[in-house]
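Peer 1: Sequence:
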Amino acid sequence: MRKILIILITIIGGQLSYAQTTTEDNFNDNQDLNSNTMSWGVKAGVNFYNFYGKERDYIFASSATKFKPGFQAGVFVNTKIGKNLGLTHELMFNQRRVGVSYEDTANQNYNSVVNSSYIDLIPANISYQLSGFKFYAGPYVSMLVAANTKRKDENGNLVRDSSIFGDAKNDESKSYYLQKFDFGMNLGIDYQLKNSFSIGLRYTHGFTDLFQNANSSANGNTKTDKIKIYNRGFMLSLAYDLTNFRLK
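The numbering of the sequence shown is full-length UniProt numbering, which starts it at 1 and goes up by one.
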């Protein structure tokens, strides 16, 4: 996982370095933006994630999972490839939180939250610019770096449980845990504000079944196919273009 994370950061770092070099040359030459211009910046915001899929009650006490607020922040690179067309590349930290329910030892349901932290890579969203609006769509791939939930212990107290992340040191065969990678599509719209700021709204739709159980058949679990539970979410962000930013 560490090697993969280093590769992802290197890819975006290379894009940022090239973008900064290109824009500095354009700035020094006092040239207008053209079809080959690259720009870069930072963005952050709030997101609301939930699970979808007909087998949510296979893992949780109820299929009625809920959207919960989380946090996202990262960097982006824009590449203009035509008059109105462009590509956007992003590397983001994404905190996804989903409201779920479990069943305690008294067979009573109680509410909890699944907290998961991902590194999201968007290799290339294709975008279309229309006045101050930018419409885009493309794939994403996410790597899970941390996860936990809260469960009741034998005394009825809520305690943090990290076994949902999965660990080779633990007996993963006795509990369900999250896949380490997620893949899906995203689409959204950005609006350019003044002073290099922009706001954006995005929808993400995952295609990867999120939960798995190692050696499930060896532990008497009759289910051997994929557990149909997936990610989906909405993201609201504020971005700042650093292309022409200069310290005074």
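Since the hints were derived computationally from the structure, they do not count as laboratory data.
Source: prediction; values computed, not measured.
Where a beta carbon is used, it is the ideal one built from N, C-alpha and C, also for glycine.
Mixed in with the good hints there might be a few duds.
[Claimed, not checked] Heads up, simulated SDA-like pairs for lysine to any residue below, C-alpha to C-alpha not over 25 Å straight-line: (1) K54 with N109; (2) K150 with N50; (3) K83 with N50; (4) K68 with L187; (5) K68 with K83; (6) K194 with K54.
[To be verified] Derived DEER-like restraints, expressed as beta-carbon distance ranges: (7) K194 with K226: 21 to 29 Å; (8) H205 with V42: 20 to 28 Å; (9) S196 with V46: 14 to 22 Å; (10) Y240 with Q108: 45 to 53 Å.
Peer 1: I'd like to know which numbered hints this structure contradicts. Please list them from smallest to largest.
Peer 2: 3, 5, 6 and 7
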